[in-house]
Amino acid sequence: MPVNIGPEYSGTGRGFAWVGRGRELDLVLAALEIPPAVVLVEGEPGVGKSRLVQEADKALTGRGVRVVTGLCHPLREPLPFGPVLDALHGTADWLPPPERLNPQTGALAPLMPALAHRLPKAPPPPEDARAGRFQLMGAVRSLLDAAGPLVLVIEDLHWADEATRELLLLLARDLPRTLGLVLTYRREDLPAGVPLLGAPYRRPPGTSGAEIHLTPLAEDRVHDLATAVLGPRASTALSRTLFERSAGLPLIVEEDLLTLTDPTHDTRPGPRSGTPVDDISVLADAAVPRSLQEAVTARMTGLSESAVAMVEAAAVLAVPASRNLLTEVAELDPHLAGQALTEALHAAVLRESGPGLYAFRHALAHQAVYHEIPGPRRVDLHQRAVRVLWTTQRPPLVQIAHHTRALGDIPAWLRQAEAAVDQAIALGDEGTATTLLHEILAQPRLEGDLRTRCALALARTARNGIDYTTTTTALRGILSDPRLPTAARGEIRLTLGLLMFNLARDAAGPHELEQAVEELATRPELAARAMVALAMVHQRSPQEARAWMDRAEQVVRDSPDHAARAAVRATRLSLMASAGDRGVWDLVDRLPRHDPDPEVLRQTSRALFNVGDTALGAGYDTRAAALLGESLDLARRLGTLVVVECLGAVDLLRLDWLAGRWEHLEAEHAALTAQYPDMAGAACDAHLTSGYLAAARGQWTRALDQLGRAARIAEAATEAEWKLRASAGIVQVHLARDQAQDAWTTTTPALQLLRTAACWTVAGALVPVAVQAALASGHHQAARDLVSEAEQALDGVDAPAAHAETSIAKGLLLQHDGDLTSAAGLFDRARLTFQAIGRPHHTARALERTARALASAEPRTAARQFTEAAAVHTTLGATADAARCQQALRELGLDRPTPRGRRSYGGRLSPRETQVARLLATGATNKDIAQALSLSPRTVEQHVANALRKLHTTRDDIPALSAAIGNP
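Read in order, the letters of the sequence shown correspond to residues 216 to 1183 in my numbering.
These are calculated hints, taken from the structure and not from any lab test.
Since we're looking at a predicted model, the values are computed, not measured.
The C-beta atom is built at its ideal place from N, Cα and C for all residues, glycine as well.
Treat the hints loosely; a few may be bogus.
As the list claims (entries may be wrong) - Now the in silico label distances, taken between C-beta atoms and shown as ranges:
(1) 807 x 688: 35 to 41 Å
(2) 796 x 688: 37 to 43 Å
(3) 477 x 341: 56 to 62 Å
(4) 1083 x 420: 55 to 61 Å
(5) 882 x 318: 46 to 52 Å
Kindly produce the complete structure, drawing on both the sequences and the hints.
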């Protein structure tokens, strides 16, 4: 069956990606690099011991190291040292002629007939059986020594017989000098009280090695594994389900992924819901994999009747339970219960999941036991669980609802489930409430009032959620019911529209909001929420925005609903900030930060974010950081503003980019995107950051790829600001590559969008590069018109960053006209503005422009400015920008003179080789490097070869390159 694996992954093992074990693999390889060595790999079934060994085998074989493997089995025919002899069959091609072997090795010939022709003649067997065993042990050691250098792997040592353990113990205590020994095992399956090798073992002096305990994969690694197989289908919710079902055991994750990649997987609409069968539903209905079912059954078979009763009680309860609860549900004598529970723990059927709480290792083990309980006994256990749980001090309604449903009493389950929803919402557990609501609404022929109540509850809990696909699908299904009252329909549609627009930037979201306004005629406060959302839709004209705001303010003017008034106030402040109205700052300071109404605080958080976001775009970075930080803190405290949390984090990362804190930016963006996979803003900004970083480093191909991806996300989301930021970066790259026509081709539609969206304050970065592209391609009048438009649009607007960008654009025009002194003055004005804002990269680029304008008239001043700009670029890691400044210095003839004759750097990198190595460490191609450093391709080839030779690495080993040169 097809399994899609991305190019960044490699490995064997059923075709699945190799994730989350890099450190362990490095430990194994490092230990085996200096034989003799003993490596012990321990872990529970399915944790990936065999896969780790396979990856090590592949790596070692690639280095020319010989590897042989033997397997222990729970049942096998009697044969001394069977697993080791199995492995030795693989040494046939590496053995010297029989006459050069130790005659002792001939003792193996009767046991290894396929290898007998490569061994000396068998000596007569000793009369004493014990002596015969030691003779065989000596023969094995001699053969391993002769076949070396060699790595011997013995897997599943917990199943080894006594003789094999004894052989491996003696080997491990006195290894041949070229042998590496790798042993894998499960601690819980070792014979009781018996050490791994039959006797205590400690590596002798001079023997290297490692002891590795493999733990389950973390949830993010399960997501990586799922993404490698399923691609975009691997949502956060699905990965969480895979993790919960498997508890991070790779083998179980892989079994589930095989189920999901089965070509017979049916995604047609289900008979009850009418919606496509999603991957999570497929897993919920999937059978336990045969291998796991058999393993669990085998463990259960060895338990006493009392222990089985405890395990079955745990299976029915389905959540971690105390000893007393298990005892009551199992109806066991308390005196027997402790021993029974201990027996189940020793057999690894149950585990202690928390202090005094016991449960199964993972969901599939629970499922395997539950479905093996006979039906009548299952019913008894569920009935008993309901009775016991109702007697607790605070009855767990969710659990009681679960047991009621398992008994088949749907009316009673619906009552209990609705009560459980209320309890979950009261406790702030909206995730549990949402799950229950989805289950209730999936029921056919649901009574009308109950359906409406649950639909409204789902809409209210989903408003701040991030499970976009599941929630919007459910809401659309509810809206299709003609029996739904109009006002309820309007509230649900309001939620749908807000989710569509805020989370996915779906262009159809505003249409849903407009329809919600009409349906909420009898609910004016809710209608006002839809109106203010419509006012914030960026593609609408300012006149439309004002019209919706005026309408919303009129609706709530005399309303007693404080939250509705807060929503309108927050939107008004957001629009004031977008318009550059300085009066917004005093109003922001007066926003309520400690109101007892959580909804008022949510609106405060939203206002703080919106104003902070606009302040960032305008160039008030310090103020933006404070507002965004305050908004994020408030959102996290409330716990229900996921959109604000995500976008606030995105903006704080953008501030890091602008402030020159670049070191971990891409990794932090990747983590944020994984955390919020449905948020278009997180994905778009991640690509924008990667694109701009790549451009600064001279990785033109990567820059265009990343900026192109950002542009496509922005296009789909109809987000003008995102699209303009992407376009500005693309134009900048084309200009850096001297592709003036390509730059102008990108500029033309971007300028049309800028004029339509009228977002001059937050998209000012496009203006100077657009002017540069126009001048370079001969469109001089277009450049002049654009500068005039920008000045007119920003007249009286409080947006220092946009004014600085316009100064640069105007300076470019003056520079083109030959007025270099005035151009330098405008460039320096922009430099001072960016310096005051706190944007070092922008400051250095403005300084560079000043230097170019002064180069002919004041070459020494220009040289000093180029040197200063190059130093800033180098500190930031903007390799291409630094190289451009250094090239300008060379053209001026004022860079530091080179002594006569070529200086020898020996094994050290020359300055030019260091520049090349830094670009290599960012993944730049030779063509990128040539363009970034203004060198010929042939010269770049020579520098690349010299740098790699001196660093003793390859261009594919980017981590080694970065470490060797201290790449920023």
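Checked hints:
1. At about 36 Å, the CB distance of residue 807 to residue 688 agrees with the hint of 35 to 41 Å.
2. Between residue 796 and residue 688 the beta carbons are some 40 Å apart, a value that agrees with the proposed interval 37 to 43 Å.
3. Between residue 477 and residue 341 the beta carbon distance is about 57 Å. The supplied range of 56 to 62 Å therefore holds.
4. The beta-carbon spacing between residue 1083 and residue 420, approximately 58 Å, falls within the hinted interval of 55 to 61 Å.
5. Remark: the range hint 46 to 52 Å for residue 882 to residue 318 is contradicted by a beta-carbon distance near 60 Å.
Checked against the numbered hints given earlier, this structure breaks only hint 5.
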